[in-house]
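A.B. asks: Protein sequence lines, in the order shown, are assigned to chains E, W and G.
Each residue of the first sequence is one higher than the one before, starting from 1 at the first, in the working numbering.
Each residue of the second sequence is one higher than the one before, starting from 1 at the first, in the working numbering.
Each residue of the third sequence is one higher than the one before, starting from 1 at the first, in the working numbering.
Source of the hints: derived by calculation from the structure; they are not laboratory data.
Take these hints with a grain of salt, some might be off.
[What the hints assert, rightly or not] Okay, derived cross-link-like pairs now, SDA-like style, lysine to any residue, Cα gap no bigger than 25 Å in a straight line:
id: 1; chain 1: G; residue 1: 313; chain 2: E; residue 2: 63
id: 2; chain 1: E; residue 1: 112; chain 2: G; residue 2: 56
id: 3; chain 1: E; residue 1: 30; chain 2: G; residue 2: 47
id: 4; chain 1: W; residue 1: 63; chain 2: E; residue 2: 63
id: 5; chain 1: E; residue 1: 112; chain 2: G; residue 2: 58
id: 6; chain 1: E; residue 1: 30; chain 2: G; residue 2: 93
id: 7; chain 1: E; residue 1: 98; chain 2: E; residue 2: 78
id: 8; chain 1: W; residue 1: 63; chain 2: E; residue 2: 62
id: 9; chain 1: E; residue 1: 31; chain 2: G; residue 2: 66
id: 10; chain 1: E; residue 1: 30; chain 2: G; residue 2: 307
id: 11; chain 1: E; residue 1: 65; chain 2: G; residue 2: 93
id: 12; chain 1: E; residue 1: 98; chain 2: G; residue 2: 312
id: 13; chain 1: E; residue 1: 31; chain 2: G; residue 2: 55
id: 14; chain 1: E; residue 1: 30; chain 2: G; residue 2: 56
id: 15; chain 1: G; residue 1: 182; chain 2: W; residue 2: 67
id: 16; chain 1: E; residue 1: 30; chain 2: G; residue 2: 65
id: 17; chain 1: E; residue 1: 98; chain 2: G; residue 2: 12
id: 18; chain 1: W; residue 1: 63; chain 2: G; residue 2: 191
id: 19; chain 1: E; residue 1: 30; chain 2: G; residue 2: 279
id: 20; chain 1: E; residue 1: 30; chain 2: G; residue 2: 67
id: 21; chain 1: E; residue 1: 31; chain 2: G; residue 2: 57
id: 22; chain 1: G; residue 1: 313; chain 2: E; residue 2: 103
id: 23; chain 1: E; residue 1: 30; chain 2: G; residue 2: 183
id: 24; chain 1: G; residue 1: 2; chain 2: W; residue 2: 85
id: 25; chain 1: E; residue 1: 98; chain 2: E; residue 2: 75
id: 26; chain 1: G; residue 1: 2; chain 2: W; residue 2: 25
id: 27; chain 1: G; residue 1: 182; chain 2: W; residue 2: 74
id: 28; chain 1: E; residue 1: 30; chain 2: G; residue 2: 146
id: 29; chain 1: E; residue 1: 31; chain 2: G; residue 2: 65
id: 30; chain 1: G; residue 1: 182; chain 2: W; residue 2: 84
id: 31; chain 1: E; residue 1: 31; chain 2: G; residue 2: 253
id: 32; chain 1: E; residue 1: 98; chain 2: G; residue 2: 56
id: 33; chain 1: E; residue 1: 30; chain 2: G; residue 2: 35
id: 34; chain 1: W; residue 1: 63; chain 2: G; residue 2: 65
id: 35; chain 1: E; residue 1: 31; chain 2: E; residue 2: 10
id: 36; chain 1: G; residue 1: 2; chain 2: E; residue 2: 102
id: 37; chain 1: W; residue 1: 63; chain 2: W; residue 2: 74
id: 38; chain 1: E; residue 1: 31; chain 2: G; residue 2: 35
id: 39; chain 1: E; residue 1: 30; chain 2: G; residue 2: 191
id: 40; chain 1: W; residue 1: 63; chain 2: G; residue 2: 35
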Amino acid sequence: MIMGLYNYWVVVVLMMIGFYIVIAHGNLIKKIVGLSIFQTSVFIFYISMAKVDGGTAPILAEGIKQYSNPLPHVLILTAIVVGIATTALGLALAVRIKEAYGTIEEEEIQEKDNLDC
Amino acid sequence: MDISSSVFLLIGSFLYISGGVGILRFPDFYTRMHAVGVTETLATAMILIGLMLLNPEGLVLIKLIIILIMTLFISPTASHALASSAMQNNLIPKLDKNEVNEKETSSNS
Amino acid sequence: MKDLLSVIMLLGIYSLLSACFFVAMDAVDVAFTEAAVGAGISTLLMLVAITMTGREENPSRHKPALALIVVTITGSLLIYGTLDMPYFGLAQDPVHLHVAPRYVNDSMQEIGVPNIVTSVLASYRAFDTFGEVVVIFTAGMGVLALLSVVRRPKDIVIDSSKIDSFNKCMHEEHLILRIVAKMLIPFILLFALYVQFHGDYGPGGGFQAGVIFAAAIILYTMLFGMNTARRVINQSATQLFAAIGVLLYGSVGVISLLEGKNFLDYRVLSTDPLAGQHLGILLIELGVGITVTAVMVIIFFNFAGRGNDQQNKENSDS
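The following block holds chain E by itself, in its conformation from the complex (with noise of 0.2 Å):
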């Protein structure tokens, strides 16, 4: 049973390492990069699943009866690039937010907030 399900629990460890990163750190940059770990475990979890033992990568092409199976592939090819947009996005907000506020460490954004109020 091991052998055939180590995938899983190879993708569940990276998610949590990149679950934990966002929920512990409280700098803003290190959130985005547990962010972005967290993101590449579900790709890797989405093509181990599409993978066929004895296939080939799926091109068509002459003697070969096996392919690997293609949908997962197109799934993942426009999720990393939405995952880059939303990287882009975060990195952006967070330089925003450095000048606004002069920090980007969570707690004293938060103090600087409750001062205000």
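Model the placement of chains W and G on the given structure of chain E, informed by the hints.
C.D. replies: Structure of chains W and G alone, referenced to chain E:
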């Protein structure tokens, strides 16, 4: 064919590992750059020649040759970029041990 | 890890390793995109961001015990959930049984393109790809809204003789880099065009080509300075190109509507349905490539321009 290509691939992998060991063990930034820059270019060239021996004809061979030429241009330029930017930002290379002690004592006194 | 620069470098290595993993899983298109986007553009954007937000992280004061407990509970629940999942790599897993055999078997007769991933992306699931292009466009507009610097007219009067003398003294410092870059950038652009148009026969397509094109332009900008790059690449033209890509994609769909078929049905674009599919795939991949290039260039120019203006303001204030 297979034996000669595996020899090249093995030499390339050994050079990569030795470059990695160099990064960990050398004391100073510039010596580390030297270790990686030299061994990495040669190791990539060895691995590409090993792959070329596996595909002796066709479009794949031309693509591998183009990649080899590009790597020979890009990899030394990258090491030069790193080293020259370090030099311009006044990262002083660590010289002989005795000279470093003399510099420390002369700056203290 | 207190140093954010090492964190970002490790993230780049992680992306490259996952790209190698994707190659081992026979997902060559995905590996190409992940290597270009994750190990290239993402690392670059994060580096530009930390030049403006600071390189060190403050030591945190709250204890991570609560976070560890939450993470452990979630992780064990997820692992308990995977005990029912189908085993890795078997050909009779449910994921391989429903729609995928139709794509693999019928793709050659219906569309005539050897790369099954491109045919699914550009023809069977073209609507999803349309949504993706619009998402990229929106991200570019978001970055423009957040980070663009309003240039007053007296800033725009750029003294070209001052720029030329600045370039000449910079030329000495970065001589080797500039010469090698001038030799390499045409090849990078040529490679981007090759990847764009060979997406039908091998790994490639619009996204990867757009990212490689943008990488060549960013290389030029990094070596020759923002002022020279702003003169070479017109900002409003780039924004126009971003919109033109999305419009091209949408108009291919609307043409199919006007001919009486479904949205993005390419069979009506030509007398022979297969030729119509080829033409449709070519046009939309072109639209995707143009938009991705323009948006990546817009994002980088806004990040770097913001940093540049911050530095100029500090220099003029002090």
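A.B. asks: Hint by hint, say whether it matches the structure.
C.D. replies: Hints, verified against the model:
no., hint, in the structure
1, G:313 <-> E:63, "violated (65 Å)"
2, E:112 <-> G:56, "holds (20 Å)"
3, E:30 <-> G:47, "holds (13 Å)"
4, W:63 <-> E:63, "holds (24 Å)"
5, E:112 <-> G:58, "holds (16 Å)"
6, E:30 <-> G:93, "violated (37 Å)"
7, E:98 <-> E:78, "violated (31 Å)"
8, W:63 <-> E:62, "holds (22 Å)"
9, E:31 <-> G:66, "holds (17 Å)"
10, E:30 <-> G:307, "holds (20 Å)"
11, E:65 <-> G:93, "holds (17 Å)"
12, E:98 <-> G:312, "holds (17 Å)"
13, E:31 <-> G:55, "holds (15 Å)"
14, E:30 <-> G:56, "holds (11 Å)"
15, G:182 <-> W:67, "holds (18 Å)"
16, E:30 <-> G:65, "holds (18 Å)"
17, E:98 <-> G:12, "holds (24 Å)"
18, W:63 <-> G:191, "holds (11 Å)"
19, E:30 <-> G:279, "violated (44 Å)"
20, E:30 <-> G:67, "holds (15 Å)"
21, E:31 <-> G:57, "holds (12 Å)"
22, G:313 <-> E:103, "holds (19 Å)"
23, E:30 <-> G:183, "violated (37 Å)"
24, G:2 <-> W:85, "holds (23 Å)"
25, E:98 <-> E:75, "violated (35 Å)"
26, G:2 <-> W:25, "holds (22 Å)"
27, G:182 <-> W:74, "holds (12 Å)"
28, E:30 <-> G:146, "holds (21 Å)"
29, E:31 <-> G:65, "holds (18 Å)"
30, G:182 <-> W:84, "holds (19 Å)"
31, E:31 <-> G:253, "violated (39 Å)"
32, E:98 <-> G:56, "holds (13 Å)"
33, E:30 <-> G:35, "holds (21 Å)"
34, W:63 <-> G:65, "violated (53 Å)"
35, E:31 <-> E:10, "holds (21 Å)"
36, G:2 <-> E:102, "holds (19 Å)"
37, W:63 <-> W:74, "holds (16 Å)"
38, E:31 <-> G:35, "holds (22 Å)"
39, E:30 <-> G:191, "violated (34 Å)"
40, W:63 <-> G:35, "holds (19 Å)"
Checked against the numbered hints listed earlier, the structure breaks hints 1, 6, 7, 19, 23, 25, 31, 34, 39; every other hint is satisfied.
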